[in-house]
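Novice: Here's the letter readout for the chains.
There are 2 protein chains.
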Amino acid sequence: MNKVGIVGYGITPFTKEDKKIDSILLDSVKELFKNNSHINRDYIDAVLVSTNDNSKYLSPILSEMTGIQPQIAHSIENLCNSGTNSIVSAYSYIASGLADLVLVAGAERYDSPGSVLEWDASRGEYKHPIFWSSFFTKSYKRKYNFSDEDLAIVSVKNHKQAKENPNAISNKTFTVEDVMNSKQLTDDIRLLDCSQPCTGSASIILGSEEKTKKLSEKPIWITGIGQKTISAGFTKNTSFTSMESTKQACETALKMSKKDIKNIDVIELHDAFSVCEPIALESLRFSDKGNGINMIKELHNTNNFKINPRGGLIGCGHPLGATGIAQTIEITQQLQSNASKRQVDNANVGLVHNMSAAATSSTVLVLEN
Amino acid sequence: MNKVGIVGYGITPFTKEDKKIDSILLDSVKELFKNNSHINRDYIDAVLVSTNDNSKYLSPILSEMTGIQPQIAHSIENLCNSGTNSIVSAYSYIASGLADLVLVAGAERYDSPGSVLEWDASRGEYKHPIFWSSFFTKSYKRKYNFSDEDLAIVSVKNHKQAKENPNAISNKTFTVEDVMNSKQLTDDIRLLDCSQPCTGSASIILGSEEKTKKLSEKPIWITGIGQKTISAGFTKNTSFTSMESTKQACETALKMSKKDIKNIDVIELHDAFSVCEPIALESLRFSDKGNGINMIKELHNTNNFKINPRGGLIGCGHPLGATGIAQTIEITQQLQSNASKRQVDNANVGLVHNMSAAATSSTVLVLEN
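First to last, the protein sequences are chains A and B.
Residue 95 in the numbering used here sits at position 95 of the first sequence, with consecutive numbering throughout.
Residue 178 in the numbering used here sits at position 178 of the second sequence, with consecutive numbering throughout.
The shape of chain A in the complex, shown without the other chains:
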C-alpha cells in the first residue's frame, strides 16, 4: 500500500453566519491555497466534498470555483463523521494509485439537515441528539457514581482550550457553576454540555509519499485507519456507558499503525456532549473504565491540552461535514509543533476520533510525524 501524507490545509472561523454552502466551502479552500501557493491546482486528481447539505454536485461546483479540473469528484455524507469518511476515501484513492493529490473540503451551515436523524424510530418522539446523550449521561453517572458537576468539567476544560483557538466559535471561559446554571435541556443535560451546530469549513490536501515529501516542509503521515458501523438506530447499541464502534475502530487503527494506545501523545475526540469525552477516552482505552472523568479533571488542573487541544466540538462548534477534517488539521498542527498556545509537549503520534449518531459508527485515525 502506498504511503499517504498530509500536504496542506486551510480552515476558517466557525460562526453562526448565514451563507450559501458553496461559499462556505470556498472559504477554507481559498485559505488552503493562500497557505500553500506552491501547490499547482492542475495536479489535483480528486476533489471530495464532505457535507450534510442538501445541495447537489458540490464537488464539480467547488472545482469550477477554484479552477480545478479533477478526475474524481463527488460528495460524501455520513452525518457527523462525513469528514473522516472523506479523508479515508482520499487515502484509499492515493493508496490504490488512482490519485496522487486529493483535496478534501468539508463544510456545513448552522442549520444543517444532518443535525437530527429522522429515520431512527428507536428514538421514538425524542429524535434530537440531546435525548441519546441524556441516556448516555444518566447511564454513565449511575454506573460510576458521578454527578452532573463532575461531568461539567469537560465543558469547562474544552471552553478554556477553545479560547486559544482563533477559529473556535467560543472565546469565553466558564466555571463548573456556570455550566450547572446554564439552561437545563433534559434531566441530565444543560446547554453548556452541548456542542452547537454552526457554519464552518475545513479543507485538507492528502498526497502520495512522493508528493507529500515534495510539497510539505513538515510531512505528517496517516499510519492507522479504523472504522466501524454497529447500526443506525440508537437502541441497537449494546451499552450506554461505552462506544462499541469506537472500541473496534480504535483497535483496527492501532493495529494498522503498529502502535499501542499508550504511544498516543495527543487526541482529538468527538465530544458532541460532555459525557462523550470520558466515554470515548475509555472506549479508546486511553483511560480505564470509569476513570475518564478523573483523567479529564487532572488534565484540566495541570493545564495539559492533550485531549481536544482545539477545544473539542463543545468549544469549537460542530459544523458536521467539517468537524472530522478540522480535528485532523489540529492533530497535524500539533505533530508539526505548529499549534501556538495549544501546543502539546512532545507530540509525535496523534489520534482522531470522529463518530455519528449516538456512536453507532466511528472513525479512528492515527497520524505520525
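One or more of the hints may lead you astray.
[What the hints assert, rightly or not] Straight-line Cα separation of at most 30 Å, DSBU-like style, residue types lysine-lysine; simulated pairs:
hint	chain 1	residue 1	chain 2	residue 2
1	B	3	A	236
2	A	258	B	3
3	A	213	B	255
4	A	214	B	34
[What the hints assert, rightly or not] Each pair of labels, with its calculated beta carbon distance range:
hint	chain 1	residue 1	chain 2	residue 2	range
5	A	23	B	125	21 to 29 Å
6	A	142	B	16	50 to 58 Å
7	B	38	A	252	24 to 32 Å
It should be emphasised that the hints constitute simulated quantities derived from the structure, not laboratory data.
Cβ coordinates follow ideal geometry from the N, Cα and C atoms, glycine included.
On the provided structure of chain A, position chain B as indicated by the hints.
Specialist: This is chain B only, laid out in the frame that chain A set:
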C-alpha cells in the same frame, strides 16, 4: 494495485412507485442476496450508498436493515454519475487493501432532488436538463446536417431493446413517427427523446481477486477506470457537439486497461436524451465524428444490441443514483453471456459511460471477463 472483480449483483424493476428511499435501496440488496446466498454478510467490509436523495445516514441504515456491520459506510453523490463514482470508490477501497468485499447500493425516487441542478446560473431561467439537451441537439443537427427524424432513431432503438429487459420502465416499441408525434417540449426535444426520472435500485458487490475467484462462478474484472470533471456550469463546455469530459475519461480508462476502443464489444452509454447517444459514441471514439447516428441506424436495422443493450436510460428509465450501477450490471451480464434475449455475440470486453449535468463530468469503466 490489487485486482478488483464483480462478485454479485441485484436489480429490481424501474417504476414510478412512491416508496421511501431506504425501502427502495433494500429491494435490490435483497435481490442481490437472494441471487448470492453463499455470500456471508459478515465479510462485507464496506457499504457505499449512491443516491441524490436528501435522507442522511443511509449506509448505516441499509446496513442495519440487512444485518451488515461494515467498517466503511457512507453515501456518495455526484448527480447522475453517483453510481459509477461509488463503484470507483469501492474499487479504490479494495485496490488499496482497506477492504476485500464492498457492497455498492444505488437508489433513487422518481421525484429526486437531483433532477435539476439549481446552482447552474449559466443556464439562466432554463435550469431543466431539456434545455441543455436542446442546445446540444440544435448544435449537433446544424453541424452534421441531421434532422429531428434522424435523431429519433435513438429512442426507437432503445425502446425496442428495453422491451427485452424485464426491469425497464418501458415495454412498448415506437416508430420514428411516434417519436415525432410525442409531445414537443422545446424546439428540438420531444417527450420520447428524453429519459425519465423514476424509482429504482441496483446493487453490486465488488471483491478483491481472491474473494472474486472464490465467490463468483464467472468473474468479471474492472480493468479500466477514467473520470474527468470539466466544470459544473453548462456553458463552460467548450463544445456542444462533443463531450470533452467523456473523451478524457475514456482515454484514461482505455490506457489503464491497455485496450483500444476497437476492442470494445458492448457499451452501456448515458443516453439521457436522444442526442447524447451519437455524441457519446463519437466522444468515446467508437464512431467517427458526425457518424454516430449512421452507426446507430445500422445497428438498429441489423438488430444488433451492442450499444445500450438494456435499453439505455431512454428505455429503462433513469433513477439517478442507480443508473451507473445498473449499467455496470448489464455489462457484467453481457460478459457472463447471461443477458437472455439482449445478449450480444462474443462479448468479452465491455464499456460503461456515465455522466452528469450536460456532460460536465464523466466516468468510463472497462470491464473484461
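Novice: Would you mind marking each hint as holding or not holding in the structure?
Specialist: A quick look at each hint next to the structure:
no., hint, verdict
1, B:3 <-> A:236, "36 Å, violated"
2, A:258 <-> B:3, "26 Å, holds"
3, A:213 <-> B:255, "28 Å, holds"
4, A:214 <-> B:34, "50 Å, violated"
5, A:23 <-> B:125: 21 to 29 Å, "22 Å, holds"
6, A:142 <-> B:16: 50 to 58 Å, "52 Å, holds"
7, B:38 <-> A:252: 24 to 32 Å, "26 Å, holds"
Consistency with the previously given hints fails for numbers 1, 4, ordered from lowest to highest.
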